[in-house]
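Protein chains: 2
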Amino acid sequence: MRVGSLKLKAQLFCGDEPAMGPGKADLLDAITAHGSISAAGRALGMSYRRAWLLVDSMNRCFRDRLVETTAGGGQARGARVTGAGQDVLHRYRALEARLADVVEEDLKGLEAKLRSVPLP
Amino acid sequence: MRVGSLKLKAQLFCGDEPAMGPGKADLLDAITAHGSISAAGRALGMSYRRAWLLVDSMNRCFRDRLVETTAGGGQARGARVTGAGQDVLHRYRALEARLADVVEEDLKGLEAKLRSVPLP
Chain X
1 MRVGSLKLKA QLFCGDEPAM GPGKADLLDA ITAHGSISAA GRALGMSYRR
51 AWLLVDSMNR CFRDRLVETT AGGGQARGAR VTGAGQDVLH RYRALEARLA
101 DVVEEDLKGL EAKLRSVPLP
Chain D
1001 MRVGSLKLKA QLFCGDEPAM GPGKADLLDA ITAHGSISAA GRALGMSYRR
1051 AWLLVDSMNR CFRDRLVETT AGGGQARGAR VTGAGQDVLH RYRALEARLA
1101 DVVEEDLKGL EAKLRSVPLP
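Top to bottom, those sequences are chains X and D.
Heads up, the final residue of the first sequence is numbered 120 in the working numbering, and it's a clean run with no missing numbers.
Heads up, the final residue of the second sequence is numbered 1120 in the working numbering, and it's a clean run with no missing numbers.
Chain X on its own, in the form it takes in the complex (with noise of 0.2 Å):
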């Protein structure tokens, strides 16, 4: 996340597992859209694969499924995410909302040090 010249990252952790994080949080969007894990990827620029790896991950890390396949095979069938999936997805997002509210103030004394473009 930009706030500023800022560049933000919070990242969740289960274990020495990512579990939330900016990539992540756009993938669960991108379901909600799309109504699928390929078609998601796909307007995300990322596999198949990797796509399902970030969904299987969010699976395996919190309580509840984030995210449900529905019935068919293969790449084609459906995915949505579930109410735990909305749940965590919001407080993500509410998060990084808080983080770059509050940072504003301390940002504005380190950004007037800064040059706009470094020397050369």
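You can trust all of the hints, since none of them are fake.
If you anchor each label on the Cβ, the simulated ranges turn out as follows:
#, chain 1, residue 1, chain 2, residue 2, range
1, D, R1080, X, R49, 43 to 53 Å
2, D, K1108, X, V3, 18 to 28 Å
3, D, K1009, X, A112, 20 to 30 Å
4, X, D26, D, R1080, 35 to 45 Å
5, X, S47, D, K1009, 17 to 27 Å
6, X, D26, D, G1078, 42 to 52 Å
7, D, D1026, X, P22, 19 to 29 Å
8, D, L1053, X, E68, 43 to 53 Å
9, D, D1101, X, P22, 15 to 25 Å
No wet-lab data here; the hints were simulated from the structure.
We put the CB at the ideal spot given by N, CA and C, even for glycine.
Once you have looked at the hints, place chain D on chain X.
For chain D alone, coordinates are given in the frame of chain X:
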């Protein structure tokens, strides 16, 4: 920076170039502690070349130099964090601390939904 299950990374950019982040902040701390770029790099397990490039990048990205090298030659010459460098480091650490502080409440709700270890 780690806050419970959350990994937070704040990276300040000057144009497309990362100007300050966790690695550079640690390097400034190490230069203060060790008095030279090579010793600081060694303490952090990075090559002299890598440490030098990070210092050069900081000095090109901020209006005032954050690190000054002192008389001598080669890898043995000393270095010190300038007043401007101490100020930027202090502001960056304060920003990190504020992020960590504000996130704790939001984080509880997310952590409650997380397993302690991922399913296999």
